[in-house]
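One line per chain: the protein sequences are A and B, in this order.
Residue numbers for the first sequence follow the numbering used here, so the first one is 1 and each next one is one higher.
Residue numbers for the second sequence follow the numbering used here, so the first one is 1001 and each next one is one higher.
Do not rely on the hints blindly, as some may be mistaken.
In silico SDA-like links for lysine to any residue, alpha-carbon gap of 20 Å or less [unchecked claim]: (1) A:Lys114 to B:Tyr1337; (2) A:Lys114 to B:Asn1206; (3) B:Lys1380 to A:Ser120; (4) A:Lys99 to B:Ser1386; (5) A:Lys99 to B:Phe1366; (6) A:Lys99 to B:Ala1411; (7) B:Lys1207 to A:Asn65; (8) A:Lys114 to B:Gln1415; (9) B:Lys1276 to B:Asn1368; (10) A:Lys114 to B:Leu1107; (11) A:Lys123 to B:Thr1427; (12) A:Lys99 to B:Lys1380; (13) A:Lys99 to B:Thr1427; (14) A:Lys99 to B:Asn1325; (15) A:Lys124 to B:Ser1425; (16) A:Lys99 to B:Ser1425; (17) B:Lys1096 to A:Glu25; (18) A:Lys123 to B:Asn1368; (19) A:Lys114 to B:Val1428; (20) B:Lys1380 to A:Gln35; (21) A:Lys114 to B:Lys1276; (22) A:Lys114 to B:Ser1386; (23) B:Lys1096 to B:Leu1107; (24) A:Lys99 to B:Tyr1337; (25) A:Lys124 to B:Phe1384; (26) A:Lys114 to B:Lys1248; (27) B:Lys1458 to A:Leu38; (28) A:Lys99 to B:Val1428; (29) A:Lys114 to B:Ile1472; (30) A:Lys124 to B:Lys1276; (31) B:Lys1380 to A:Asn65.
The set of hints was computed from the structure by calculation and includes no laboratory data.
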Amino acid sequence: MLTNESTLRILLADDDEDDRTFFSEAIAELKMTNQLTLFNDGKDLMEYMHNPDAKLPHILFLDLNMPYKNGLDCLKEIRADQRFKNVSIAIYSTSSSEKDIENTFVEGANIYIKKPNDFSELKKVIKEVVHMNWQFHSSGLNKETFFFSI
Amino acid sequence: MKFLKLYKNSQVFKIALGIAILVICYLATVFYTQMRELNKSVAIISNSNETQLELEKLLSVISIYETNLRSFIITKDENYIRDRFLSRGSIELNLKNLNNLASNNALRTKDIDSLKKLIDYRFELFRETVTIAKAKKVDFNELNAKLLESSRCTDDMRAFVYETINRERIKVKYHNSNHHFELQGSAATAFLLVILSLLILLLSFNKMRVDLHQLKRANDELKFLNYSFNNAEKIAGFGYWKYNLETKSYTFSDNFYRLMGIDPDKTKPDVSEMGKYLHPDDYERMMKVHNDSLENLEPTSAMCRYVLASGEMRYIMAVGNFTKNSRGQTVKIGVNYDITEQFLNTRELEENNRELQSINEELESFNNIVSHDLQEPLRKIQMFISRLEENETQKLSDQGREYFSKIKLAANRTQALLIDLLNYSRTVKGDKDFEPIRLDDIARQVVHDLANTIDEKKAEIHIGELPQVDGIRFQLEQLFTNLLTNALKYSREGVPPIIHIRTEKIASRQTHNGKPVTEDDYHKVVVADNGIGFKQEYAAKIFYLFQRLETDSKYSGTGLGLAICKRVADNHNGFIKVKAKPNEGAKFSIYFPKNKI
Chain A
1 MLTNESTLRI LLADDDEDDR TFFSEAIAEL KMTNQLTLFN DGKDLMEYMH
51 NPDAKLPHIL FLDLNMPYKN GLDCLKEIRA DQRFKNVSIA IYSTSSSEKD
101 IENTFVEGAN IYIKKPNDFS ELKKVIKEVV HMNWQFHSSG LNKETFFFSI
Chain B
1001 MKFLKLYKNS QVFKIALGIA ILVICYLATV FYTQMRELNK SVAIISNSNE
1051 TQLELEKLLS VISIYETNLR SFIITKDENY IRDRFLSRGS IELNLKNLNN
1101 LASNNALRTK DIDSLKKLID YRFELFRETV TIAKAKKVDF NELNAKLLES
1151 SRCTDDMRAF VYETINRERI KVKYHNSNHH FELQGSAATA FLLVILSLLI
1201 LLLSFNKMRV DLHQLKRAND ELKFLNYSFN NAEKIAGFGY WKYNLETKSY
1251 TFSDNFYRLM GIDPDKTKPD VSEMGKYLHP DDYERMMKVH NDSLENLEPT
1301 SAMCRYVLAS GEMRYIMAVG NFTKNSRGQT VKIGVNYDIT EQFLNTRELE
1351 ENNRELQSIN EELESFNNIV SHDLQEPLRK IQMFISRLEE NETQKLSDQG
1401 REYFSKIKLA ANRTQALLID LLNYSRTVKG DKDFEPIRLD DIARQVVHDL
1451 ANTIDEKKAE IHIGELPQVD GIRFQLEQLF TNLLTNALKY SREGVPPIIH
1501 IRTEKIASRQ THNGKPVTED DYHKVVVADN GIGFKQEYAA KIFYLFQRLE
1551 TDSKYSGTGL GLAICKRVAD NHNGFIKVKA KPNEGAKFSI YFPKNKI
């Protein structure tokens, strides 16, 4: 999929302005050919997703704790719709609680990223995730490999 | 002993008594028959004697007559014979007596008939002799012939009489000996009868005495039981009541009244009296429960309140069930017991529990705040620090750079503290879903996770054979992570850490909290290092929250790591101990129970 298209479409839904900034700065510094779209909350994200004209993303980075519509609800909604079956979803959250990891795994997220506290680490994470062979990763997916560690 | 047992068995005793009475009846019958026989013998003997007497009398009368006749013949004096030979006088009386005596004896009657004929003949001879002797001219030849005939007749008569007498005498002799024998038999029977009766009397008396004694003892025991029961009631604070469904009558125990604060000796109130002490809010419900149970015969169990005369409120548990009494009547038996103390205690406990729960919930949300919500801004601080570090530090003075690195250190320490706090709070929570876990898997996983630090420190890790235990995976991971991190952290400068994780045998006579710890009950897993160690006297202290031995900034620590280890060991119903020596190393031993408790 990635090989067929020149630009990689990435979405980030996160209510924290700083985190959105860190994320876009990291992507900018990585100098990748991609198209990043940012959303302030789950409601905005889902409005975009349900727009039939919108180009669907390759990877969606999804914060869990968001106003109006939280990440888990978005995840459920997306996974319930066949149209989005090719969208890879990376959970991107401060929480590392078993409950959140378990729930998002069960609901069909592809990977769980705990927000790093170092900028270079953040760049590393984004790089790895973007270049991940999703098909290979998803086929052998289990709870251990679900939680992303560098 | 066996006899005594039989004796005590009243059934056997009854049978024995019956047999004895039958024997007595038999003996009495025998005795009666013997007495009758004896009577008969006596009658026969006396009859025989009288017969003899009469016969002899008869003979003597004849003799007198003969003598008189002779005297007349010699003297011719009429006085000797005056009509005597015409009337037989006393002889007739004798004969009549003899006939009477022989009335039941046909043979004797015949004999007497022949005797009578002889007598008749004799008197004939008397009369003829007298006629001859009276004649004017006595024919002596004729007289002699008559006298001779008379004498012969008398001899015949005498012979006959003696023969009869003899026969009677033999009979008397026979009956006499018989009589003697019968007398002996009767005496023996009578003696037996008396002895047997006496024996039965004695046995019965003794049996009665034993029975009475037993009855008295049973009675005493019953009394004592009753007394104990009454006391038990008082001590245990319960009272019982009975309701006979057939006779529709209630019975209450003494303590039943005492529970209501009534003196049982002074008043014996009925059911309606009870209602007075029942809390008004409970009255209808209790009556309904009771009356319903009388309809459907289901056991009851209900709690109610008594309001005593003093105004005091008591909590009462009332239970009841149905049974049959000895007469087959259905009886409801109920027990009321005072649960005021328990009730109040439980209520207090429940309140405390609720309070604790809310405190726990608060603590948990506090923990969440600390661990999650504080982490969020901290993470951003660290993020900005890393941004500054990358691009801006060159622009700072040396002093500024030093301050900057201190800010970074402090932020990192805060982060470590928050993570440990979160870990600690996770071990406090009561998740106890145990699963079988191989500890060597856990150890390898942890070593893998810590690979970076291990490489950095050039440490050697040896994992020996480790047991499988029932446990909580993330807690056990935490335990090994903390112990390994400690061992790596507190290494001696210039000495690469060598860390052993292995199973050890439990030394004999080892104890924990005063209880023996043996190989049968526990696995002992050891994490030993060759680091800086510490003085053994601090061994107990290091497992407490925020207790740190090393304050040197090169050993960064939160004071939570070992407290978490202790908690994990506790959560697994085990315990953790440590042995250490300064500059030689520390050896942590974790004991896991072998059987799931």
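If you test the structure against every hint from before, which numbers come out violated?
Of the numbered hints given earlier, those the structure breaks are 1, 2, 4, 6, 7, 9, 10, 11, 12, 14, 15, 17, 18, 19, 20, 21, 24, 26, 27, 29 and 30, listed in rising order.
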